[in-house]
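Q: As you go down the protein sequences, you meet chains U and E in turn. To convert, note that position 265 of the first sequence is 265 in my numbering; the numbers rise steadily by one, no gaps. To convert, note that position 212 of the second sequence is 212 in my numbering; the numbers rise steadily by one, no gaps.
Honestly, I wouldn't trust all of these hints.
Said to hold, decoys possible - Derived CB-CB ranges, DEER-like:
1. E:Ala114 <-> U:Ile115: 33 to 43 Å
2. U:Asp118 <-> E:Gly483: 47 to 57 Å
3. U:Ile115 <-> E:Pro134: 51 to 61 Å
4. E:Val409 <-> U:Ile115: 22 to 32 Å
5. E:Gly107 <-> U:Lys203: 54 to 64 Å
6. E:Glu137 <-> U:Pro474: 54 to 64 Å
7. U:Ala446 <-> E:Pro134: 55 to 65 Å
Hints were generated in silico from the structure; no laboratory data involved. Note that the Cβ used here is the ideal one computed from N, Cα and C, for glycine as well.
Number of protein chains: 2
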Amino acid sequence: MAEMDSKLQELKTRLMEISDLNGASAVLGWDQATYMPRGGAAARGRQMATLGRLAQEKFIDPAVGKLLDDLTPYGESLPFDHDDAALIRVTRREYDNATKIPPSLLGEFYQHTAIAYDAWTRARPANDFSTVAPLLEKTLDLSRQMADCFPGYDHIADPLIDFADYGMKAASVRALFAELREQLVPLVRTITEQEPADDSCLKQHFPEDKQLAFGVEVIKDFGYDFERGRQDKTHHPFMTKFSLGDIRITTRVKENDLGEALFSTTHEAGHAMYEMGINMAYDATPLGGGTSAGVHESQSRTWENIVSRSRTFWEHYYPKLQATFPEQLNKVSLDTFHRAINKVQKSLIRTDADEVTYNLHVMIRFDLELQMLEGSLSIKDLPEAWHARYKSDLGVQAPSNVDGCLQDVHWYGGVIGGAFQGYTIGNILSALFYNQALKAHPEIPAEIGKGKFGTLHNWLRNNIYTHGSKFTAPELIERVTGGPLRIDPYIGYLKEKYGELYKL
Amino acid sequence: MAEMDSKLQELKTRLMEISDLNGASAVLGWDQATYMPRGGAAARGRQMATLGRLAQEKFIDPAVGKLLDDLTPYGESLPFDHDDAALIRVTRREYDNATKIPPSLLGEFYQHTAIAYDAWTRARPANDFSTVAPLLEKTLDLSRQMADCFPGYDHIADPLIDFADYGMKAASVRALFAELREQLVPLVRTITEQEPADDSCLKQHFPEDKQLAFGVEVIKDFGYDFERGRQDKTHHPFMTKFSLGDIRITTRVKENDLGEALFSTTHEAGHAMYEMGINMAYDATPLGGGTSAGVHESQSRTWENIVSRSRTFWEHYYPKLQATFPEQLNKVSLDTFHRAINKVQKSLIRTDADEVTYNLHVMIRFDLELQMLEGSLSIKDLPEAWHARYKSDLGVQAPSNVDGCLQDVHWYGGVIGGAFQGYTIGNILSALFYNQALKAHPEIPAEIGKGKFGTLHNWLRNNIYTHGSKFTAPELIERVTGGPLRIDPYIGYLKEKYGELYKL
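Just need the whole structure built from these sequences, with the hints factored in.
A: Here it is, written out as structure tokens:
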């Protein structure tokens, strides 16, 4: 026992050093996206690469493998939900994944995607797919090589999906998406046959400082802890974590669009509150982070969509918003405002899409990346395939590739495969978990209507956040809902909300 | 030759990795002092310690020693001022220093001084020397152990002084300070016998944003490059470098004291412009930083005192300052303002001291730390010894230890010995170098009077900044002035400036 304690302690010491390197790299990334002067760019990229490489080297050290070998029987002798059992189990899984990818491949991958990302930042504004096409070709090749480090898959995307959403496969995501699509397509059709909502009230001039202050008040009420975080401005909003004591969010403000900053703030605050709720004892270990891309997105979507786009929420906050922007909003009714922030339309841009059409955008990308990995779609045909799918699925056509296949950073800055399914899984899970919270506490909507979020936040913290990565997403879903992932609460949520809004 | 090239390349690769770790640590330190929420503190300290330890481990790696052994004859075969010769020579010196201190001692030292620093932050406001005395006792013991890693010294402080100001020893600093003191004491006496300058014009209300904007305009004119830096607010202003492409400064603003932010900004900008002027080819190597504490301070003092406290400077900028703060300054004459920002008085606080008395503050600390290291002054007697020296040297008595021996962070956050002499050496050097610039370009003062700094800045860059650490301070002084360090230009500068101000 003393021997196991000492080995466990050594493992934790090693994991803490790795966490320190990753935490440092996150600080450098945050600074890069918020305050760094241009002149710092070259060295910054190199510094982050060095930290990442050292963290990786230290993690795949055979001494870590030996410790895990020695500790695994001990971990298995403990109850499944014992913290040490979970630490050994989760670290083992991550170690096995990490050691299967040769460092040389990983190095080549990071080096290449840094170049591809940089090229994309110039190619998109120039509508120049031809420059990035050969880079994307190489990314595809490297993505396949990464997947091939995990032989025995059913679909070549399976290992890549598994990295982000453990337990999911191409086939299970496809089945899930098919089921969802069947419900969404008629819903989108019925809604978009109606007169579109008038969102002109959001497109007036709203001074930046007041927008920011309002968003900060809202997420303080949610329970975002400014003693352990802060919000800064950036180009592309994100959440980042340096330790469980320092979890920051960023936002961007458009003075002619009230929705931009507010909903990015509530979205990122949702991600951050998930991390802030993790058991502090898990800090600096593989348990001290959200368990999957899908579960993480479920929390950003809960706070952004289910809470801060709900009518109940605005019953409390709309008078405050009117008091903040009296000239702009005093003549706008709550109903008009609520319809504006939930306007459904067939559009070109995923990140601007409403709740109902959003998942159709995701499915297009998911299907295309699977086809690229399979080899049934070649890079040169990607622009046309993109346009064709938008035409057939959403009935819209981008005037160029800028808002077509050059739109999202994911393929240019990372692997092709595994990046998109988490968004829709997150939407599905947000309603599944929220539904469960309502069963336990039917008073939650009434509380939201008074600007009180404690009951909801505590339920999420106690049932989801606190566990960090202790349980995989499938294990967590089973624990929380007593069954597997299912879409009916999400469909129910959409039908009820948009049924009321559009009098369906 | 190819073999030497390849070894040199390997050395540079290793040094770059070490520089990346140190640069990352600097980013974490900057964030800690500017934006970090309280909750981030614990992990941040640990992360910085991890980065520091890894950088140290990588530097003292015997493989680095082997490379240096192999490269030294090659370096010595090159001209002395060849970049590669300098890189090998300077890295060798730093390596020899670093490897003489056992990692365990260094680890204990960092761990202890982190605790002592933290205790000091609470002890100072509480005027509680007794809490920190035992910690200071240990710091003294560890400082002696550090010095003892370098046997053969004349005075135990010599190795500690040498770390910061290579080539200086206790004896040479004492001789220099005695010479300076002999000139300063009568000057201070003559000035302080007169009616003190009226600085009430500085103590009005000056809104923060306008103060900051004015300071930024000034240092932009100096040539501080905002493409490679930025200024943020903090508690204790400092300059920090992440790479030669990202060199930042911080400042603090007092709305009831116009001098605070402005002169901290010009001071830190001086430090930063030194680093910004270093040959970019030296980035991420031991050549890519200022060569000594004294030379670094000389540049902060040049831009803060010689330039931005000069009457010539304000002939151009005072009308702009009046336009910025018309209500506060329109009735204040340039003469009154200039006397106010150069008010000489016997005071308690080093960092607030004027140019004439400042060095007396430094000498008190330097003498006391030498006595502590020698053992002729025990920690328990430090408070009284401090008071006694302030009484005899400056004729003032602090009401408590808050503004006595608890005043400066240096002994609480680092070694005892070697920390203070650089400030006065910097003052001496600022005038020595400036004097040399004037010999080459007598038009400099006239240009300053027009808000033009290009000639001065270029001369400093070409003669001092560009070299980084290629030459030691003594070598640099010899190169620039044709002789050793001497005080007469500094005495001449003070006598001329204060002779005019006080009609001596």
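Q: If a hint holds in the structure, say so; if it doesn't, say that too.
A: Now for the hints, and whether the structure bears them out:
1. E:Ala114 <-> U:Ile115: 33 to 43 Å: holds, 40 Å
2. U:Asp118 <-> E:Gly483: 47 to 57 Å: holds, 51 Å
3. U:Ile115 <-> E:Pro134: 51 to 61 Å: Given a distance of about 56 Å, which is inside 51 to 61 Å, the answer is holds.
4. E:Val409 <-> U:Ile115: 22 to 32 Å: Hint violated: Cβ distance 44 Å, outside 22 to 32 Å.
5. E:Gly107 <-> U:Lys203: 54 to 64 Å: Check passed, 59 Å falls within 54 to 64 Å.
6. E:Glu137 <-> U:Pro474: 54 to 64 Å: holds, 58 Å
7. U:Ala446 <-> E:Pro134: 55 to 65 Å: With Cβ atoms ~58 Å apart, the hint holds.
Of the numbered hints given earlier, the model fails hint 4 alone.
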